[in-house]
Amino acid sequence: AQTVTQSQPEMSVQEAETVTLSCTYDTSESDYYLFWYKQPPSRQMILVIRQEAYKQQNATENRFSVNFQKAAKSFSLKISDSQLGDAAMYFCAFRANFGNEKLTFGTGTRLTIIP
Amino acid sequence: DTGVSQNPRHKITKRGQNVTFRCDPISEHNRLYWYRQTLGQGPEFLTYFQNEAQLEKSRLLSDRFSAERPKGSFSTLEIQRTEQGDSAMYLCASSRDFVGAYNSPLHFGNGTRLTVT
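First to last, the sequence lines map onto chains A and B. Just so you know, we're using this note's numbering here: the first sequence kicks off at 1 and counts up by one. Just so you know, we're using this note's numbering here: the second sequence kicks off at 1001 and counts up by one.
A portion of the hints provided could be inaccurate.
Derived lysine to any residue pairs resembling SDA-like cross-links, with alpha carbons at most 20 Å apart [as the list claims (entries may be wrong)]:
1) LYS102(A) with ARG1081(B)
2) LYS102(A) with ARG1059(B)
3) LYS102(A) with THR1115(B)
4) LYS102(A) with VAL1019(B)
5) LYS102(A) with THR1013(B)
6) LYS102(A) with GLN1037(B)
7) LYS1057(B) with SER76(A)
8) LYS102(A) with ASN1007(B)
9) LYS102(A) with PRO1008(B)
10) LYS102(A) with GLN1017(B)
11) LYS1057(B) with GLU101(A)
12) LYS102(A) with ASN1018(B)
13) LYS1011(B) with LYS102(A)
14) LYS1071(B) with GLY99(A)
15) LYS102(A) with VAL1116(B)
16) LYS102(A) with THR1038(B)
17) LYS102(A) with THR1002(B)
18) LYS1057(B) with LYS55(A)
19) LYS1014(B) with ARG43(A)
20) LYS102(A) with ILE1012(B)
21) LYS1071(B) with ALA1(A)
22) LYS102(A) with GLN1080(B)
23) LYS55(A) with GLU1068(B)
24) LYS102(A) with ASP1097(B)
25) LYS55(A) with HIS1029(B)
26) LYS1011(B) with ASN97(A)
27) LYS102(A) with LYS1014(B)
28) LYS102(A) with THR1117(B)
29) LYS102(A) with GLY1016(B)
Just so you know, these hints were derived from the structure itself, not from any lab.
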């Protein structure tokens, strides 16, 4: 079974600064996907960024980038130039490439942006 | 793309009653998922459909839970003999391709919040 751990229940960052959210996972699989999802207050969860485990290059999406360390089973999210609209719960998630479509989520990190 | 629609948004029921939730996925998406999210936790997988076929079920989905997706369109999730522990947000999601496929993100609905008194 896979587990996903987010050790930071809450984080805050000054507007326009950079923040990094941590995520570690445990799996015996070698081929998998990792994701960061954002859940704004009372709004739908949306995908922020995805990473394929076989790719060594870290994924980037505009101001969002990841630091994927496969050996360490670590998958952190860096948000640059933080904006007020980035305030949300952020969930790290894992999916094994074979066998099922199930996403395993962490417990989330609540990100507050300080104006 | 009108998004994933879930109804009702909120449901309050007494313990022992049956409840049914509906999910309308994005029209061209053949994959549909149900998740449950309790306060302070991430979503937990319940079940997955590809078209009308229910291909995966979590052990969380006890005998009191049943899900259907007739004709591969909308889906319903029914909980029989509700218990207070069933109180949660029930999230539906859909996708065009498998989870993780390029350019095929999982689209979530706003959820149905169930409160069992």
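Requested in this report: Run the structure past the numbered hints and jot down the numbers of the failing ones, going up.
Outcome: 1, 3, 4, 5, 7, 8, 9, 10, 12, 13, 14, 15, 17, 18, 19, 20, 21, 22, 23, 25, 26, 27, 28, 29
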